[in-house]
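Chains C and B, in that order, give the protein sequences. If you use numbering that gives the first Met the number 0, the first sequence closes out at 531, no skipped numbers anywhere. If you use numbering that gives the first Met the number 0, the second sequence closes out at 386, no skipped numbers anywhere.
By construction, these hints were calculated from the structure, which means they are not laboratory data. Ideal Cβ positions, reconstructed from N, Cα and C, are used throughout, including at glycine. Certain hints may be false.
Estimated spans, in silico, between C-beta atoms of each pair [stated by the list, open to error]:
| hint | chain 1 | residue 1 | chain 2 | residue 2 | range |
| --- | --- | --- | --- | --- | --- |
| 1 | C | D473 | B | P226 | 38 to 46 angstroms |
| 2 | C | F500 | B | T115 | 36 to 44 angstroms |
| 3 | B | D124 | C | W373 | 52 to 60 angstroms |
| 4 | C | H29 | B | T115 | 33 to 41 angstroms |
Derived lysine-lysine pairs resembling DSS-like cross-links, with alpha carbons at most 30 angstroms apart [as the list claims (entries may be wrong)]:
| hint | chain 1 | residue 1 | chain 2 | residue 2 |
| --- | --- | --- | --- | --- |
| 5 | C | K432 | C | K347 |
| 6 | B | K134 | C | K170 |
| 7 | B | K134 | C | K432 |
| 8 | C | K38 | B | K134 |
In case you want the letters, here they are:
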Amino acid sequence: MRKLILIIYVLLCCWGLVSAQVNVHGNIEHSGLFGVDDKSLGAVYDFPYLNNTYLSVGLDSKYIFAGVRIEAMPKPLQGYDAQFAGAGVGNIFVEGKYKWLDITIGDVYAQYGSGLVMRLYEDRALGVDNSLRGGKIVVEPYKGIHIEAIGGKQRVYWNCYNSAWGWDYTKGAVVGSNMELQIDQWSQKMTDNNIRLMVGASYVSKYDPKDTVYASYNPPMIYNLPEWTAAGEVRSKLQIKNWSVLVEYAFRAGDPSADNMFSYRHGEALLLSASYSIKGMSVLTQIKRSENMSFRSDRMLRGTAGMISYLPAFTTTHTYSLASLYPYATNMNGEWAWQAEARYTWKKNTLMGGKYGTTLHLNLTHVRGLGNQWFKVSNDPYYTDIHLNLSKRLHKNWWINAMYMYQTYNQTIVEGHGDLIRSHIFVADVKYKINDNITMRAEAQYLYSHHNDHWIYGLLELSFLKCLTLSAADMYNIDGENYWQAGVAFQMKGHRLQAGFARQRAGYNCQGGVCRYVPAQKGATLNYTYSF
Amino acid sequence: MKKYLYILSLIFFAACQVISPEEQIIPIDQSITENTVLLVEFSGVGCVNCPLAATQAQQLSAAYNNLTVVQMHPKSNPFTTAMDQYDYTSLAADEYYKYFGGTASTPFPTGVIDFTPFGESYFIDYTLWGEQIIKQLSQTPKADFSLTTLTNSQTRQVSITISDLTEQLPSGSKMILWLTEDSIVGAQLMPDGSINMNYIHNHILRQTITDIWGETPANTEKQYVVPQEYDINNCSIIAVLLDENNRLLATRHSRLNPLTDIPLTFSVNNIGMITHDTTIVIDQVQLNPISGKQEMQIEGMMIYNGTFSVIIEREDILPQDQFCCSGRCINTNSEKVQELSFAINGIAEWYAHFVAQKSGEYKITYILNAKSINPIKLTVIYQYNID
Numbered sequence: 000m001r002k003l004i005l006i007i008y009v010l011l012c013c014w015g016l017v018s019a020q021v022n023v024h025g026n027i028e029h030s031g032l033f034g035v036d037d038k039s040l041g042a043v044y045d046f047p048y049l050n051n052t053y054l055s056v057g058l059d060s061k062y063i064f065a066g067v068r069i070e071a072m073p074k075p076l077q078g079y080d081a082q083f084a085g086a087g088v089g090n091i092f093v094e095g096k097y098k099w100l101d102i103t104i105g106d107v108y109a110q111y112g113s114g115l116v117m118r119l120y121e122d123r124a125l126g127v128d129n130s131l132r133g134g135k136i137v138v139e140p141y142k143g144i145h146i147e148a149i150g151g152k153q154r155v156y157w158n159c160y161n162s163a164w165g166w167d168y169t170k171g172a173v174v175g176s177n178m179e180l181q182i183d184q185w186s187q188k189m190t191d192n193n194i195r196l197m198v199g200a201s202y203v204s205k206y207d208p209k210d211t212v213y214a215s216y217n218p219p220m221i222y223n224l225p226e227w228t229a230a231g232e233v234r235s236k237l238q239i240k241n242w243s244v245l246v247e248y249a250f251r252a253g254d255p256s257a258d259n260m261f262s263y264r265h266g267e268a269l270l271l272s273a274s275y276s277i278k279g280m281s282v283l284t285q286i287k288r289s290e291n292m293s294f295r296s297d298r299m300l301r302g303t304a305g306m307i308s309y310l311p312a313f314t315t316t317h318t319y320s321l322a323s324l325y326p327y328a329t330n331m332n333g334e335w336a337w338q339a340e341a342r343y344t345w346k347k348n349t350l351m352g353g354k355y356g357t358t359l360h361l362n363l364t365h366v367r368g369l370g371n372q373w374f375k376v377s378n379d380p381y382y383t384d385i386h387l388n389l390s391k392r393l394h395k396n397w398w399i400n401a402m403y404m405y406q407t408y409n410q411t412i413v414e415g416h417g418d419l420i421r422s423h424i425f426v427a428d429v430k431y432k433i434n435d436n437i438t439m440r441a442e443a444q445y446l447y448s449h450h451n452d453h454w455i456y457g458l459l460e461l462s463f464l465k466c467l468t469l470s471a472a473d474m475y476n477i478d479g480e481n482y483w484q485a486g487v488a489f490q491m492k493g494h495r496l497q498a499g500f501a502r503q504r505a506g507y508n509c510q511g512g513v514c515r516y517v518p519a520q521k522g523a524t525l526n527y528t529y530s531f
Numbered sequence: 000m001k002k003y004l005y006i007l008s009l010i011f012f013a014a015c016q017v018i019s020p021e022e023q024i025i026p027i028d029q030s031i032t033e034n035t036v037l038l039v040e041f042s043g044v045g046c047v048n049c050p051l052a053a054t055q056a057q058q059l060s061a062a063y064n065n066l067t068v069v070q071m072h073p074k075s076n077p078f079t080t081a082m083d084q085y086d087y088t089s090l091a092a093d094e095y096y097k098y099f100g101g102t103a104s105t106p107f108p109t110g111v112i113d114f115t116p117f118g119e120s121y122f123i124d125y126t127l128w129g130e131q132i133i134k135q136l137s138q139t140p141k142a143d144f145s146l147t148t149l150t151n152s153q154t155r156q157v158s159i160t161i162s163d164l165t166e167q168l169p170s171g172s173k174m175i176l177w178l179t180e181d182s183i184v185g186a187q188l189m190p191d192g193s194i195n196m197n198y199i200h201n202h203i204l205r206q207t208i209t210d211i212w213g214e215t216p217a218n219t220e221k222q223y224v225v226p227q228e229y230d231i232n233n234c235s236i237i238a239v240l241l242d243e244n245n246r247l248l249a250t251r252h253s254r255l256n257p258l259t260d261i262p263l264t265f266s267v268n269n270i271g272m273i274t275h276d277t278t279i280v281i282d283q284v285q286l287n288p289i290s291g292k293q294e295m296q297i298e299g300m301m302i303y304n305g306t307f308s309v310i311i312e313r314e315d316i317l318p319q320d321q322f323c324c325s326g327r328c329i330n331t332n333s334e335k336v337q338e339l340s341f342a343i344n345g346i347a348e349w350y351a352h353f354v355a356q357k358s359g360e361y362k363i364t365y366i367l368n369a370k371s372i373n374p375i376k377l378t379v380i381y382q383y384n385i386d
């Protein structure tokens, strides 16, 4: 690792001498918690200060780009796997671009299509960083042709420190290739008629050395596990003026793993999406069927570690607290998911639009398990989200956002325990601009559950001079559970400092179907970010 | 260019291995030693995949005698929240769990083998237990000892004996004793999402008999009373020997078996305990107020849990009946040799009443057989005189 850093440093210095114009950018992010024991909440801390810190620095010039990210988590925040504890270089790369060729050496990310066979990304809130340490080549030899190849060893916590140069391919590797053809770029007629057609194909293969996994002990028998497993995907997207249709199909060869109880069955996913949008209106509908599509670089891993593939959730990521009380996580074993969404904006100075315009957003999401035949669904609903959202500016200084949501959440399927929860959620979010320097925002939310689990939530926020924000919120359960928080945030010139004190219930932090469990906590929080 | 593309496509398409159905499961050679291994299974009633791990543990336990399995339910993990009136959590489970780095968000099911981390973490996914346990079973034993238990079902007292302890143990070693219980019927969330109210929980850690982190190991005998709330017939004592770094040196388990732990004690009124071959002369004829007959009698007590048999041999055929009783009388027949079986749970009366038509000397031999004793021959000479 030290050798790699030294080489990159030397290269950068050389390039710095050659090129007079190097832009430096980056950011610092620090999140910390001074925990306070609360036995009634189940929050007990054996260390006074838990924190995650990230420092990213990027150097850009005309042909060369480089970056490094240093991570320090001596005692990670709760909900992050204990194996994240430690400090070091989490990401480092050098990229060279010249005309139609782009080469990256170091830690690389990529996404092919919707990510059904490969999505390598970083999401700190989820504790996900599944980059490959190796290299990536992107070739665009002609307009409309995009070819990409990638290869390396996947990052799993701090495994990059297990060998001298930062990777050990004897322990596993991932290779991938992707090609996309933008056909419309070869046809002037298509371009003139506002028709865009893309066809693409991807292929990913992983090398995972055999593990000894017992199928039985008497007599002793083990699974004969494949060392090479591949997945492929084809996709096409057609856009004609305001219409857009996307088709994606992915197939994965048999990959016995801890996720699927060492089944040798293949996996597949089909995604169909159609949308129509014009100014002031958009409609989207999409459907997805996935089965046994967990694809990891290490077959024995669980949770969010070592994932190569990604299955989009088709569910809305809500920002309102009660609406996000029960977030859905994509079921790796298989599911049918359907989503329809419509958005309409009445123009200002119309009957429905009023003086400033009105936007209505309707979303319907339904997820079920797989049935005993390909086109059939199971009797168990996994998740339903029907919500209607109204956004309106009532007055020069008044804005309102109101939402009604009906939700069903199969807690057993998603969390491994619990029941089928049905809820009605009502949200009113009002913003009032008192003057040019002070803005007030208030939220009121109510959740009625058929499970007799009713919640009330209130938030009050005051912003001063666009740089200082005071907030206080409380979430109260009819059974007497009370979770509150208060905080202050200050931002100026790229700096943002936020401090607060909170008593928080356990829950899930989800983004795009990937979730991280966050245990209940109480204490003072400190967050600082700076971008330069 | 074409040639390179062809080679590249070959590489990519070759990078996929498909295993035919008949080759998916293959045999493996094992070399198991006398080493003992401890699997601590962390589980919870609200954990949907925990029954799968429990099945895995059960299969391993059945296949390998030197494996000791203990299931712990730590309170600090939300999967252990009780779903019915039974709470399987314990302070000790929580203490060990936190020591291993367990938190509220540690995924379940999981396990720890030999109190030892493998790689970065103590916790091992249940799909890897088999491989790691068999590896450990193939290692050279670091230490050894014997564990025996003797249980009195009446008093619920268990005598726990540690013996043959390896002499040269690392300084700072300790011995922990646990009480575990099997066959507890209660609620459990199952992999299909249903709740099985009649799930059978096994290997549950109930109590630590020593301190949570044990005491100085020694060849010793310890007395322990099993609390009333646990079914003594389903309990086991687990002994865990740790080194100064809390890594396992050896472990043993002993199932409490009150049915056979108490040796048969047999006594005759006015004679005393019969522990070896004995001859008794009965020369007093007594009137039985119930039957109204002149009888020769011997009466006594037995303390036992189990089944014993008695062989009755008569030198002379008796014209009248004789009874052999242990709580329930069995009418003896006129055969010269007769074998009877009795089951006793605790204390029972024993008596033989003899009636004959004429005065004389009658010799009857009773041979008592029970699991915990050598056969005892009781010869009774009845000097019957009704003239």
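Results for each hint:
1. C/D473 - B/P226: 38 to 46 angstroms: Since the Cβ atoms of C/D473 and B/P226 sit about 44 angstroms apart, the hinted range of 38 to 46 angstroms holds.
2. C/F500 - B/T115: 36 to 44 angstroms: About 40 angstroms separates the Cβ atoms of C/F500 and B/T115, which means 36 to 44 angstroms holds.
3. B/D124 - C/W373: 52 to 60 angstroms: violated, 31 angstroms
4. C/H29 - B/T115: 33 to 41 angstroms: Since C/H29 and B/T115 have Cβ atoms about 35 angstroms apart, the given range 33 to 41 angstroms holds.
5. C/K432 - C/K347: holds, 20 angstroms
6. B/K134 - C/K170: holds, 20 angstroms
7. B/K134 - C/K432: Status violated; Cα separation ~69 angstroms.
8. C/K38 - B/K134: violated, 40 angstroms
Checked against the numbered hints given earlier, the structure breaks hints 3, 7, 8 and satisfies all the rest.
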